[in-house]
Amino acid sequence: MRWLRWLLPGLFGLLALGGWEWVVRAKAIPPYILPGPVLVARTLVRDWDSLSVSLAVTLQITFAALAVAAALGLLLAVLFSQSRLLELSLFPYAVVLQVTPIIAVAPLIIIWVEDVRVALLICAWIVAFFPILSNTTLGLNSTDRNLEDLFRLYGASRWQKLWRLRLPTALPYFLAGLRISGGLSLIGAIAAEFVAGTGGAASGLAYRILEAGFQLQIPRMFAALVLISASGILIYLALSLLSHLLLRRWHDSERS
Amino acid sequence: MSLVSLQGVTRRFPRGALALEGLDLDIEPGEFLAVLGPSGCGKSTMLRLIAGLDAPDAGTIAAPGLARQIGFVFQEPTLMPWASALCNVALPLELAGTPRRAAEAQAAAMLARVELQGFEHSYPRALSGGMRMRVSIARALVTRPRLLLMDEPFAALDEITRFRLNNDLLALWRELRCTVVFVTHSVFESVYLAERIAVMRARPGRVVAQHLVPAAERADPEFRTSAGYAAHCRAVSHSLSLAMERA
Ligand SMILES: Nc1ncnc2c1ncn2[C@@H]1O[C@H](COP(=O)(O)OP(=O)(O)OP(=O)(O)O)[C@@H](O)[C@H]1O
Ligand SMILES: [Mg+2]
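Sequence lines, in order, name chains Y and D.
For reference, each letter of the first sequence is one residue, going 0 to 255 in numbering that gives the first Met the number 0.
For reference, each letter of the second sequence is one residue, going 0 to 246 in numbering that gives the first Met the number 0.
What the hints contain is simulated information worked out from the structure, not anything from laboratory work.
Honestly, I wouldn't trust all of these hints.
[Claimed, not checked] Think about it this way: if two alpha-carbon atoms lie no more than 20 Å apart in a straight line, the pair counts; the simulated EDC-like pairs of lysine to aspartate or glutamate are: (1) Y:K160 / D:D53; (2) Y:K160 / D:E93; (3) Y:K160 / Y:D143; (4) Y:K160 / Y:D148; (5) Y:K160 / Y:E86; (6) Y:K160 / Y:E147.
[Claimed, not checked] Residues of chain D placed beyond 10 Å of chain Y at every Cβ, according to the derived structure: (7) R14; (8) E75; (9) L94; (10) R100; (11) E103; (12) G129; (13) D167.
For glycine and all other residues, C-beta sits at the position ideal for the given N, C-alpha and C.
Isolated chain D, as found in the complex:
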């Protein structure tokens, strides 16, 4: 059974565009799903709907047994500037009523997992863009969510930092075995990260193509420079340009 199942989901903003219309998508437990699409096709809207931050005008979003165990990483790190890295990461636990001590201990452990030990008491201002994003990821993971939603988290980072974070994210995903929905508009990033890529079109936004990357190929440590990787990128690019033509 799918972890989340979206069927015929439509979202129309008042006085605005039809952001999504008749979107169908199933999210399978444990998978790494990338959602790829042109700007304005409704990717962020879809994530907000899945997270329950917004409601669809039509269609259903079924998430049996998920019980809102969701982590969310925004495009910007979205940290509280007045709080240290540790307090930022402890926030979700404290909001849920975990005593401060226990929350901070778990937050410190999660910060160490994203390679930020020693920066617990730094304020966001004193951290680099990549480090802030690591704090943001640690905060999303500290509650051990079953579903991690990421909205173009690395779009604003330089390529070197982005590559490192891609690898670290894959390692975390393998270790924690949660489900990831990763929104991006980079073909290369989607092929590198995901087992499955859903391609969206715009106006109205819906999923128009899917693409699988076999686990055997992904396991290759040289995957990023392999001929197979290039072939997948070509195929996904092709789907994407078809989706954009139709729009």
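Chain Y on its own, in the form it takes in the complex:
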């Protein structure tokens, strides 16, 4: 049954692509309205030199934002777990950060922060940060009550309890948050790039899409889109693999 999980979506994808190509050819739709997948693939190969540079720029921002979100989210969650007072005072602001649409605040951030790449990183970080913080906070508070009693019985210090009980309990929650944030940091990076719209050599995939739109190079636009989707899927798969490797020996979600 395992291979079905790959074969079925694969077959479906091929069928959809075939149908798309067939419609485009049968109805003779011009490429500036809807290019067929074959043309998109050709454009991707032809423009690979410039597109790959942009891809690298976008991915750099994505990964930096994800790393900062993971580190800060984890750190803040640990601080919250140590001080209820701190959690009560700060957590609402994390929620505010989360519910404010990034598109609405990105222009401000881009004005305030001089270095565009730092501004983009901050925007992507804002989007990616919350799932890690909230998941890890939940995980740190989900310890087994009997295990808590056991640690108390043996006079465990606060540090021992954090390190040997709360952090391991929170690990699956943190990894689940990380998986969500991986995709979100890519979305955040792209959204911020759209707002920034910077030109030049060091611009990301969103700028390539804008540029292709202005020049009516729709196949190139699609090629950039394909790269974004593929990156999102790869990030998700990589983080799933990481989660699998860390949890497979003990966690119930990994029971085969």
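Dock chain D with the ligands against the given chain Y, drawing on the hints supplied.
The following block gives chain D with the ligands in isolation, referenced to the frame of chain Y:
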């Protein structure tokens, strides 16, 4: 002198029932004491009080010289799922500052004592319910406590496993000579295991009857099928139904 002496112990939970009121109980050094009572009569509350995990609202719990040398076995095995059997058993020693090597050596020896050699590096998920409970018992005993508190440890196990663990527990108790307080709501288990049975009633929880099982009878290898065993069970059942009527 008693190892632990509870006098007039009362515990009232906020917004809740009066779990214990005026409970008196002495725990003698080296004895195997069973505490029997209906669900909700405050048995777990009493164990937590003895272990110092909770404080009474009134009354005193005196444990001169015990110095918190206590092991605790919960109803569920309560193992850390992310750690191997060996790491789980070594935990109490490591929390007390024993270097890892020494802690693991002692943990391995204790695992062998509960017949789990070869499973040191298994994760709890890969062990059966009975084996997990053995790990839990090994963890409680690894610090060589003077008092072992057990809260319905075998309630969730099948009868065959339960019988085996009953025998193994008795053997361990005879070998290590620690004091055991064993909470159960099985009359048969309490008579088989304990030298002394304290029967509790509920709302408010307190000890209402005590029952002794003489050592001479317990020494009989056929005790479980003897007429004496049946007579003790009948007597304890009777106390228990009286305790439940009064509630
Ligand atoms: N943390 C708590 N807060 C409020 N009420 C509690 C709490 N713990 C126990 N109680 C109440 O105290 C009473 C005694 O509970 P306890 O768990 O000690 O009973 P028990 O004899 O161990 O029962 P069981 O055999 O079902 O395990 C119950 O009525 C229970 O509802
Ligand atoms: Mg109980």
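Verification of the supplied hints:
no., hint, result
1, Y:K160 / D:D53, "holds (18 Å)"
2, Y:K160 / D:E93, "holds (12 Å)"
3, Y:K160 / Y:D143, "holds (12 Å)"
4, Y:K160 / Y:D148, "holds (11 Å)"
5, Y:K160 / Y:E86, "holds (19 Å)"
6, Y:K160 / Y:E147, "holds (8 Å)"
7, R14, "holds (18 Å)"
8, E75, "violated (7 Å)"
9, L94, "violated (4 Å)"
10, R100, "holds (17 Å)"
11, E103, "holds (15 Å)"
12, G129, "holds (18 Å)"
13, D167, "holds (22 Å)"
When held up to the earlier numbered hints, the structure conflicts with 8, 9 and fits the remainder.
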